[in-house]
Structure formats: structure tokens, C-alpha cells
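Asker: Okay, so the sequence shown: first residue is 73 according to the numbering used here, each after it adds one.
Read the hints as simulated data drawn from the structure, not as lab findings.
There may be inaccurate statements among the hints.
Listed next, with one range per pair, are the computed distances between beta-carbon atoms [said to hold, decoys possible]:
#1 Gln122 - Ser142: 25 to 35 Å
#2 Arg179 - Val139: 52 to 62 Å
#3 Glu117 - Ser142: 31 to 41 Å
#4 Asn137 - Leu90: 43 to 53 Å
#5 Glu116 - Leu90: 17 to 27 Å
#6 Glu140 - Leu90: 48 to 58 Å
#7 Asn83 - Leu115: 22 to 32 Å
#8 Glu140 - Lys105: 44 to 54 Å
#9 Lys105 - Thr125: 25 to 35 Å
#10 Cys111 - Asp151: 55 to 65 Å
We put the beta carbon where it would ideally sit given N, CA and C, even for glycine.
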Amino acid sequence: MIQDVQMITENVNRLAQLFAGMEPSKSTVDPLKNVSDKCMVMLEELRTLQILTESHSEGLGEQLNVVEKSVGEMSDFFDRIDEFNKFLTDTKSNLTKLEKLCNVINRQ
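Generate coordinates for the entire structure from the input sequences, incorporating the hints supplied.
Answerer: See below:
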């Protein structure tokens, strides 16, 4: 039974060494510690990536608000252009009517 436990321990140790990228015969470093250290480094990199992603997301949210405000302002501007166009069309029509009336009066 003790031999089985020792064999399992050795197998786990070899697996950890393989996972850590170490050759079992040449290593003096604890492979589980090496794997743990690599995992901690990767975890720290993921945390940094998370922080960067969150900060970029906040920036995008602010930019979207600015774009939405600008689109609203542009929509109002185009509405005013449409109103001005209608005013010009109506004024041109009224001037045409006045011109015709003036021509009729001048003929009399």
C-alpha cells in the first residue's frame, strides 16, 4: 500500500514536471511550485487584461454618449434645414404670385 502511494506521488510529480516543461532527471526545482508560479504569473496577466478591458469599455461608453448627443444635434440641424427649405419654397411661390399680380396690374 505504501508502495502504491509512493508510485502515485512519483507519477504526480512527473506529470507536474512535464506540465511545467521540465525534464524530470535534470530538475532540482519543485515542479508543483514551478507550475504554481506560472499560474500566478498568468493570473496576474489576466487581471491586467481585465483592468485594461474595463477601462477601455468605460471610455467606449463615454464616446457612445458623445456620439449619441452629436447625432441628436445633427437631427435637429437637419430639421431646421428642412424648415428653411419649406420657407424658401413658400417665399418663392409668394414672389411668383406677386410678380404675376404686378404684371396684370401693369397691363391695365
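Asker: It remains to establish, for every hint, whether it holds in the given structure.
Answerer: Hints versus structure:
no.: 1; hint: Gln122 - Ser142: 25 to 35 Å; in the structure: holds (31 Å)
no.: 2; hint: Arg179 - Val139: 52 to 62 Å; in the structure: holds (60 Å)
no.: 3; hint: Glu117 - Ser142: 31 to 41 Å; in the structure: holds (37 Å)
no.: 4; hint: Asn137 - Leu90: 43 to 53 Å; in the structure: holds (52 Å)
no.: 5; hint: Glu116 - Leu90: 17 to 27 Å; in the structure: holds (24 Å)
no.: 6; hint: Glu140 - Leu90: 48 to 58 Å; in the structure: holds (54 Å)
no.: 7; hint: Asn83 - Leu115: 22 to 32 Å; in the structure: holds (26 Å)
no.: 8; hint: Glu140 - Lys105: 44 to 54 Å; in the structure: holds (52 Å)
no.: 9; hint: Lys105 - Thr125: 25 to 35 Å; in the structure: holds (30 Å)
no.: 10; hint: Cys111 - Asp151: 55 to 65 Å; in the structure: holds (59 Å)
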